[in-house]
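J.: Single-letter residue listing:
There are 2 protein chains.
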Amino acid sequence: MIFKQLFETDSSTYTYLLACPKSREAILIDPVFSTVERDLQVLRDRDLKLVATLETHVHADHLSGGKRLKQRTGSQIMCPAMLALPCADVGIQEGQPIVVGSIELHPLFTPGHTDHHHAYLFESPMHKLLFTGDALLIDACGRTDFQSGNADDLYNSIHNKFFSLPDETLVYPAHDYEQRHVSSIAQEKARNPRLGKGRPKEDFVALMDGLDLPYPRKMAFAVPGNEACGSCPENVPPELRGPCAASDQG
Amino acid sequence: MIFKQLFETDSSTYTYLLACPKSREAILIDPVFSTVERDLQVLRDRDLKLVATLETHVHADHLSGGKRLKQRTGSQIMCPAMLALPCADVGIQEGQPIVVGSIELHPLFTPGHTDHHHAYLFESPMHKLLFTGDALLIDACGRTDFQSGNADDLYNSIHNKFFSLPDETLVYPAHDYEQRHVSSIAQEKARNPRLGKGRPKEDFVALMDGLDLPYPRKMAFAVPGNEACGSCPENVPPELRGPCAASDQG
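Which chain is which? The protein sequence lines are A and B, in order.
For the first sequence, my numbering begins at 436 and goes up steadily by one.
For the second sequence, my numbering begins at 436 and goes up steadily by one.
Certain hints may be false.
Taking lysine to aspartate or glutamate and the DMTMM-like style, the derived pairs with C-alpha atoms no more than 20 Å apart in a straight line are [to be verified]:
1. LYS632(A) - ASP611(B)
2. LYS624(B) - GLU613(A)
3. LYS505(B) - GLU472(B)
4. LYS563(B) - GLU558(A)
5. LYS624(A) - ASP611(B)
6. LYS563(A) - GLU472(B)
Honestly, the hints are just simulated from the structure, not real lab data.
Values in this document were obtained by computation on a predicted structure and should not be read as measured data.
The whole structure should be built from the sequences, with the hints applied where relevant.
T.: Here it is as C-alpha cells:
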C-alpha cells in the first residue's frame with residue numbers, strides 16, 4: 436500500500452492517503468476543503484487516481500474536501516450510512532469492508548465524539564493501521580459535548596473496538612495539536628491520561644462532562660457544510676470564509 | 436513480516452522481534468539478559484525459530500541476552516563488525532544487508548552515542564521501520580559522554596542517516612522512559628526538543644556536553660559483559676547481580 440499522512444494547519448487535521456500500488460487507485464480519509472489543491476498535487480506526483488473520499492464523521496472544526504475533490508476527480512463520497520446524507524455516493528457501515536484496489540478498510544462503528552462516528556482499520560500481514568478519527572487522539576480523545584456526543588459511548592467505543600486490538604496496532608488520529616504523528620494501542624493503553632492506565636468509566640465520564648470547552652469557531656458553518664459533503668454554506672461569516680472565498684467553491 | 440515490540444522494565448529497553456511468516460525464522464534486535472525466558476516464550480507461542488540476535492551497540496545500561504539466547508537456541512550473535520568481538524558470529528556493517536527469510540535489514544552506521552553504533556532499517560512497500568537504537572529516542576536522543584560518544588557525530592548521524600528518510604518512516608527506539616512506543620521521522624523532525632525544529636549543531640553539542648548525567652548504575656559490569664556478548668562478569672556487585680544470579684548464566 437502507498438501511504439501518506441498529510442496535515443492541514445488551521446484545524447490541525449490529518450488527512451490520510453491510501454493507494455493501491457498496482458491499480459493506482461487511491462482513497463483519502465478526512466480530506467479538508469482548504470487543502471484540496473495540495474491533495475491533488477500529491478495524487479499527481481504519485482500518478483494516482485482518486486476513487487473515493489471517506490469521512491470518519493461530520494466535522495465541526497473544518498470543511499470537508501469531499502465535494503470539491505469529487506468535482507475535480509470524479510471521486511465517490513463515502514460517509515457513514517446512518518447519516519443518510521443525500522450528497523453521499525456510498526454509505527459505509529461496520530461489517531462491510533471498503534475495497535480500493537488491493538486495499539481493504541474495515542469500518543468500526545465508534546460513537547461518542549459524535550453519534551455516527553466510524554474509525555477505519557487496515558490490516559496487513561505486518562502491521563495494523565487504525566485511523567481513529569476524532570474518537571481516540573494521541574494522549575487525548577475527541578470531545579463529547581455536541582453533535583450527540585456521549586462520554587459513556589466514547590469510553591465503550593475506545594475500550595471495546597480499539598483497546599482490544601493488538602498492542603502494535605498503529606494509531607493514526609484525525610488531529611494532533613502538538614506535532615505528534617503516530618502512536619500505538621500499547622502506548623494509548625499505557626499512558627493516555629483520559630482513557631489509559633485502566634481509568635474507570637465513571638472517572639472518564641465525569642472528566643469529559645466537566646471540560647466546559649468553547650465551541651469550535653467554524654462549527655456554525657462547518658456542520659451544515661459537511662452535512663452537504665463539504666459545500667460552503669451561503670451564510671459563512673466573512674472572517675471565516677477562508678477557502679470558501681475560492682472561485683471553485685462547492 | 437511478523438513484528439513484536441517487547442519491553443524490559445528495569446532498563447526501559449525495547450527488544451524487537453522480526454520474523455519471516457513463511458520460513459518462521461526470527462531475529463531479535465537488542466535482547467536483554469533478564470528477559471530471555473520471556474523472549475523464548477514469545478518465540479514458542481508463534482512457532483518461530485530464532486536464527487540471530489542483533490545489537491545496535493555495546494549497551495551500558497543492561498546486559499545483552501545474545502549469548503544466553505545462543506546457548507538456548509543456537510542463534511548467531513550479530514554485532515557491528517568494527518567492534519571485532521571474538522564472541523560475535525557475524526560482523527555487520529553498512530552496505531551489507533542482513534537477510535532472515537524474506538526480511539532484509541539495512542544497517543546504518545550512526546556513531547555518536549557510541550563510536551560503533553548502528554541502526555537498522557526495514558523497508559516494505561508500505562512502511563519503513565527504523566530501529567534507531569540509542570541514537571534517536573522519542574523526543575530525545577542517546578547521551579554522548581562515554582564509550583567514545585560524540586555529540587557532533589550524533590548530530591550528523593541523525594540528520595544525515597535518519598532525517599533524510601521519508602516523513603512516514605516509523606521510529607522504533609531502543610528505550611523509552613515515558614511509555615511511548617513509536618514515533619515517525621516527521622514527528623522527530625518537528626518536535627524533538629534536542630534535534631528537531633532545525634536546531635543548529637552548535638546548540639545541540641553545547642546542550643549534550645552540558646548534561647552532566649550520572650553514569651548508568653550497571654555500566655561497570657554491563658560494558659565488559661556486553662563486550663563478551665552478554666556474559667556475566669565475575670565481579671558484578673551483589674546489588675546488581677540480578678539476572679546474573681540465574682543458574683544458566685553465561
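J.: Any hints from earlier that this structure breaks? Give me their numbers in increasing order, please.
T.: Number 6 only.
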